Every structure is written in C-alpha cells, then in structure tokens.
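A.B. asks: Sequence:
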Amino acid sequence: MKIRLLLIAVLFGFNLSAQEQIKLDNLNDFKEQAGNWQIVGDVIVNRHIDVHHKSVEEHDSKKKKKRRKRKRNVVEQPKAIKSTPGTGILLNINDKEKSDALVTNWEHGDLLLELEIMLPKGSNSGLYFQGRYELQLKDSWGVKIPLGSDMGGFHNNWEKDEDKIFRGIPPTSNASKAPGLWQKYKVHFQAPRFNEAGDKISNAKFISVDLNGVRIHSNVEVSTYTGGPIEKNEVAKGPLLIQGNHGPVAIRNFKYQLLKESSVTLASLSYVTYKGAFKGLDELNDRAKVSSGKANKIDVLSAGEEDEYGIMYIGTLNVEDEDDYTISVGYTGGVKLIVDNKKVVEDNSSSGQGLLKGDVKLTKGEHKFILINIKSAGWRAPRLGLSIKSKSTNSKDFHTYDSYPPNINTVSPIFVQPDSKPRLLRAFVSFNGDGKRLSHTIGIGTPEGVNYIYDLGAGNLVGVWRGDFVDATPMWHSRGDGSFRPKGAVQWIFLNQPIAQLSSLVEAFPDTGLAPDFVSKGYTIDKTSGLPVFKYRYKDVDIENRITSDSNNNYVVNDIQFSKSGLTNWYCKLASGKVKKMTDGSYLVEEQQYYVKVLTGQTPVVREANGETELIIPVDGSKIKYEIIW
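Residues -20 to -1, 1 to 610 in mature numbering (1 follows the signal peptide of the UniProt record, and there is no 0) are what the sequence shown lists, from first letter to last.
Note that these hints are calculated values from the structure, not bench results.
Just so we're clear, the structure is a prediction, and the values are computed from it rather than from any experiment.
Honestly, I wouldn't trust all of these hints.
[As the list claims (entries may be wrong)] Simulated pairs of lysine-lysine, DSSO-like, Cα-Cα distance not exceeding 27 Å: (1) 217 <-> 124; (2) 212 <-> 144; (3) 144 <-> 180; (4) 577 <-> 166; (5) 577 <-> 164; (6) 11 <-> 124; (7) 255 <-> 323; (8) 180 <-> 240; (9) 59 <-> 76; (10) 235 <-> 166; (11) 544 <-> 560; (12) 235 <-> 337; (13) 140 <-> 185; (14) 240 <-> 369; (15) 323 <-> 337; (16) 164 <-> 144; (17) 277 <-> 369; (18) 164 <-> 501; (19) 235 <-> 277; (20) 180 <-> 369; (21) 212 <-> 140; (22) 561 <-> 603; (23) 337 <-> 164; (24) 235 <-> 164; (25) 62 <-> 561; (26) 348 <-> 322; (27) 124 <-> 322; (28) 558 <-> 605; (29) 235 <-> 371; (30) 348 <-> 274; (31) 274 <-> 371.
[Said to hold, decoys possible] Derived Cβ-Cβ restraints for the label pairs, each shown as a range: (32) 533 <-> 350: 48 to 58 Å; (33) 350 <-> 241: 23 to 33 Å; (34) 462 <-> 138: 27 to 37 Å.
Think of the CB as a built atom: it goes at the ideal place given N, C-alpha and C, for glycine as much as any other residue.
All chains, please: the whole structure from these sequences, using the hints.
C.D. replies: Here it is as structure tokens:
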C-alpha cells in the first residue's frame, strides 16, 4: 500500500525586519561619551580630502616702529565631511579633546548585525564585537591585496605572550567602495563558549561577514581579543563598541538581533528503510521495506545503502517557546518534510540535491513530523540533514555529522579569470542579482581587476565591479542555465537604452528592444587594449562605445562617439536614482551609492520621467566621456 498523506503548503520568506532596529533619533541605546558622537540628518563627504590633512599655516613677520610682532594666519581648508541637522544617521567627528568609543547599553553573545557605514578618505574605525573582536572599518578603496588592517579585516593585537598573540585575518577580497559612499555590512557572530568552571572551550567565531553583498569571511575563528579591546579578556557576553578615535565615520540602518540557543528538542524518533530504484516519493511501499528502528538523531547511513534506497523518519519536535521557525532540510535524491500534517518542503525527485527552507509557526508543545528521503543517483553521495531556527535562536541540527556534513559542495566551481589579456564571456544576467533577466549580455574581465557587464541589446553598461571576474558554474556545470555570477561587489547602473531622441524632457527612454531604429552591430576588439569596441546604429547615426579603466584601475571611463554632428533633441542617460551635485562637478547617485563625473564639458540635467529621477546630458554629436566611480 502506497503511503498517502494530506499535505498543505506553508511557505514564507525569512523577514529581516524581525531584527531590532536602532532608530537613531537619539543616543539612548549607547553609554555616555565625550560628545564626538551625534545624531544628524545627512552626511556629505568630499572624496578628495584626506581626513588627516592639516591646516596650512603662514607665518608673517612684520616690522613695527618699536617692536616686532609675529602673526600667524590660518588658511581654512575645505572639510572632508559635512553634516546637516536631523535624525537617522549616527556620526563621529573626533578631535584631540573628544575621541570616545561608542558603547551599547546592551550586551550580546551570539549576534546578527546589519548596518551601513560611510567613511571619508583616509578614515579608520572599527566594530568591536563584545568590545573585544575588531572588524575593521577603513577607507581601503584601491587596495589590491587587503590586509587584516583593511576594510573587512580582523585587526591584529600586540601581545607578547604566545597564547595571547593574534596576528590578524584579512578579508578574502576587497569589496569596499570609494570614500563618501554608503557601504553595507551583514555579520553573523558566534560568541566564545565557556564550561561551568569558566574555562573557554571554543573560540569566538564569525559565521559569516558580508560586505556590499560579497561574502568576505566564512566560519572564521578569532582565537583571542584583537588590538584595542574594552578589556583584555574574553567573556560570554559583552557590548558592541564602535571605535571613535581614528577618524570620522557615519552609520545608518542599524539593525541587530540577539541570538540564543534553541530550546526545541527531538523525541520519539524512529525510522523505516526501503530498497528500490524509486523515481518518486510516493513509490515507497511495504513490499520494499527492509528494516526499522529507533534513533536519537537523523542519520541517512541507517539506510545501509549508497544508492537506490528510501528512508522515512517519524518523530516529535518539542517546542518550549511559540514562535515562527525556519526549518532547513539538506539532501541528495528527493525529500519531503511534513509537520503537523502540513507539507513544509518537497523535491519530488530521485536525483536532486540542495538545501530547502520553509517557515512554520509552532505553538508550545509537541509537533509530529515525517521526513522522507529517496535516492537513485549513483553519482551523488547520501546526504540528509534537518535543522531548525527562529528569528532569535541559532540554528540547531537534528542530524549526525556524517549524515549532512557542513559546507557540502559536490560540484567543483568553475571560475573564469583573465590572464594577460581581457576575457569576454557571453551570458544571461539577472540585473541586480535577482531582477530582470537580460539575454544579450556580455561580461568583460580585465587583468587589472576592473570588470563590467554590457547589454548588447540596449547598447548599455549595466554593472561594474572590481576584483576577480566570474563564477561560471551555473553556465557550464551539467546542462547549465547560461548565466554566470560576478565575483565582486557589483554596482548596478540602470536598464534599457541610454541614448535616444526624445520629443520632450519628460519622455522616457525606450525599453530594450522597443526602439525600431536601434540596431546592434556587435563589437570589434581594440588591438592595443584587447577590449571590445561596441557598435550600434540609431536613426542613421553610427555609435561606438569604449569602456576602459582609469590610470589607477579603480573605476571605469565610458567613451561614446557619434558619426554625425548637429543632432537635435538627442539625450544620453548617465544615471538613474536620486542625484546630488558635488563641489568638484561630479554627481552622487542613488542614495550615495556611486559617483558620475562628465569629462567632456557637457552640462548634465537632472529630470523626472515616469516617477524616476535621471541624470542626462544633451547629445549634439560631440564625444561623450564620463567616469563611473564606486
């Protein structure tokens, strides 16, 4: 008799809004400090000015009739950072008299932290977890090989005793942005553990650190306190500390979640194993039954087979605290999890592989569950794992280590990297990582590490990043899906055709493929640089587009040339999003995410079209050349 169960889907996404958010309309979450920390409404940075510059002093000697008098004139310099009154941003401006650290009133053990930071040129600060383990905040823009003292690194200390020395850990890549831009951190910290006698039994660990969307640390242990701790010891709980004596730093969108160990337990666990080349989960039947028994944890090895097996676990989850829980199931083959007769996750396959997550609300008390796994895929190793967490608890595993070892990756990644010349790779790309899927795009990687994505269908530069080129595993593994993943912090620009003749300043630029007079002509390769020269034709005008990097290989320069002059009512879109003009003539774009600066003398115009703010310039046929700095 086949097993039939009533299944109701319960699928919700994890919501980061469950985290506590410091509103930053006052400093009540923090201990008193000397006054270098304040709440402001906006911050603007002059990206050219180093915070360590000094005033120029001129000493003039003037003769007087009866005496000589020496006069000191101080020439006031432009400020590296300015603020405006308001709320929402935490700002440190330190000087010789005021340079306190900012320390939270609350203490933490395990912690999820999410915030955005902004640094002027040359500035330096640090996030001290438990007041003891420093994650660097530093202007590291342009650094090619980051150290532990750079942005995203764990700083060393200066201890002499061998058991106290910490030499620092650099980030795996430099994902930092230019001075004056907002940068986003997401950190999962695990506190050190101590036994009843107070002896440390495991080190502090950073489960993950993401900077600007790039994973720069994964399961990194910090063996002792780093340089400049609040105290030279290690504890189960301590405050979050933000360094205040090394330079200005601004912080916004400050969210955190204190984590505790899960109180959910597993009881009355039993299993049944089956043998057969099952193709679907509903094919398990009594005739194929091989064995049964009781267990303390889920262990796929109980099936006693490497392949062509099925296993079913039946058990009870005992819940102490009513909450919304996320249940994760890792597997090979096919899998189904039912809790309280409701389907939570399912992959009705015999050769699949993955990690499925489903959210369920569990009341206090007992909750029956059934976990079914089949596998008929000899090329995959047996794997089965079950974990649970809530918004305020760590993930808790209910499987043996060998049943689902951590960091399982049965596919060798396929990385593409330029060598001595640029590398071009045609691919599908999802704009902003999860947005509109573009089908006529090409990725260009350079040996200098300045990379970009170009939409051939629109004649448009859509994304830029620094560092390594791409992970082409999704494209080339097995049958592939035709896409790659950039290996850096991508600054996405905008979609659709950037050059068009418009009837008015409120007409929108045409969507990709909707301008009848636009024809892509592909590209040629510049023999000197090895970079592509993109070509297209629009309204009987031939257009060439070259994209290169600046002399320091930090950002891109976009060069557009036209075959005809005297064009009227033509415009070129440079950026999309909120725009703010800077004193150097550049424009700060999209809530201070990147800069645009025109090099060829045209005067940009900020306009509103279809509810969108855009930075555009008139086109008369003269060359257009501008920088995108991020």
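A.B. asks: For each hint, tell me whether it holds in the structure or not.
C.D. replies: Evaluation of the provided hints:
A C-alpha spacing of about 36 Å is found between residue 217 and residue 124, which places the hinted pair above 27 Å, so the restraint is violated. Between the alpha carbons of residue 212 and residue 144 the distance comes to roughly 10 Å, so the proposed pair stays at or under 27 Å and holds. This hinted pair checks out: residue 144 and residue 180 have alpha carbons roughly 13 Å apart, not beyond 27 Å. Simply put, residue 577 and residue 166 have alpha-carbon atoms about 30 Å apart, too far for the 27 Å limit, and the pair is violated.
Taken as a hint, the residue 577 and residue 164 pair is honoured in the structure, with Cα atoms around 24 Å apart against an allowance of 27 Å. Restraint check for residue 11 and residue 124: not satisfied, since their Cα atoms lie roughly 37 Å apart, outside the 27 Å limit. Between residue 255 and residue 323 the CA atoms are separated by roughly 24 Å; this keeps the pair inside 27 Å, and the hint holds. With a C-alpha separation of about 18 Å, the suggested pairing of residue 180 with residue 240 holds against the 27 Å cut-off.
Straight-line distance between C-alpha atoms of residue 59 and residue 76 comes to about 17 Å, which keeps the hinted pair within the 27 Å bound. With a C-alpha separation of about 9 Å, the suggested pairing of residue 235 with residue 166 holds against the 27 Å cut-off. Restraint check: the Cα-Cα separation between residue 544 and residue 560 comes to about 32 Å, which exceeds 27 Å; the hinted pair is violated. Proximity of residue 235 to residue 337 is assessed by CA-CA distance (about 23 Å); at most 27 Å being required, the pair is judged to hold.
Distance check on the hinted pair: residue 140 and residue 185 sit about 23 Å apart at the alpha-carbon level, within 27 Å; holds. Among the hinted pairs, residue 240 with residue 369 is consistent with the structure: their alpha-carbon atoms are about 10 Å apart, no more than 27 Å. Among the hinted pairs, residue 323 with residue 337 is consistent with the structure: their alpha-carbon atoms are about 12 Å apart, no more than 27 Å. The hinted pair formed by residue 164 and residue 144 fails the criterion: a straight-line CA distance of about 31 Å is larger than 27 Å.
Between residue 277 and residue 369 the alpha-carbon distance is near 17 Å, which keeps this suggested pair within the 27 Å criterion. The straight-line distance between the Cα atoms of residue 164 and residue 501 is roughly 39 Å, outside the 27 Å bound, and the hint therefore fails. A hinted pair counts as satisfied when its Cα atoms are at most 27 Å apart, and residue 235 with residue 277 does not qualify at roughly 35 Å. About 25 Å separates the Cα atoms of residue 180 and residue 369, which keeps this hinted pair within 27 Å; it holds.
As the CA atoms of residue 212 and residue 140 are separated by approximately 13 Å, the hinted pair is consistent with the 27 Å bound. Proposed proximity of residue 561 and residue 603 is supported: the alpha carbons are some 22 Å apart, at most 27 Å. Taking the CA atoms of residue 337 and residue 164, the gap is near 25 Å; set against the 27 Å cutoff, the hint holds. A hinted pair counts as satisfied when its Cα atoms are at most 27 Å apart, and residue 235 with residue 164 qualifies at roughly 11 Å.
A threshold of 27 Å between alpha carbons decides the hint, and for residue 62 with residue 561 the separation of about 14 Å falls inside it, so the pair holds. Simply put, residue 348 and residue 322 have alpha-carbon atoms about 10 Å apart, close enough for the 27 Å limit, and the pair holds. For a cut-off of 27 Å, the pair hint linking residue 124 to residue 322 is broken: about 51 Å separates their Cα positions. Between the alpha carbons of residue 558 and residue 605 the distance comes to roughly 21 Å, so the proposed pair stays at or under 27 Å and holds.
A threshold of 27 Å between alpha carbons decides the hint, and for residue 235 with residue 371 the separation of about 13 Å falls inside it, so the pair holds. A threshold of 27 Å between alpha carbons decides the hint, and for residue 348 with residue 274 the separation of about 15 Å falls inside it, so the pair holds. Between the alpha carbons of residue 274 and residue 371 the distance comes to roughly 31 Å, so the proposed pair goes past 27 Å and is violated. Between residue 533 and residue 350 the beta carbons are some 56 Å apart, a value that agrees with the proposed interval 48 to 58 Å.
One distance hint, 23 to 33 Å for the beta-carbon pair residue 350 and residue 241, holds here, with the actual separation near 26 Å. Judged by the Cβ atoms, the range 27 to 37 Å given for residue 462 and residue 138 is violated: they are separated by roughly 51 Å.
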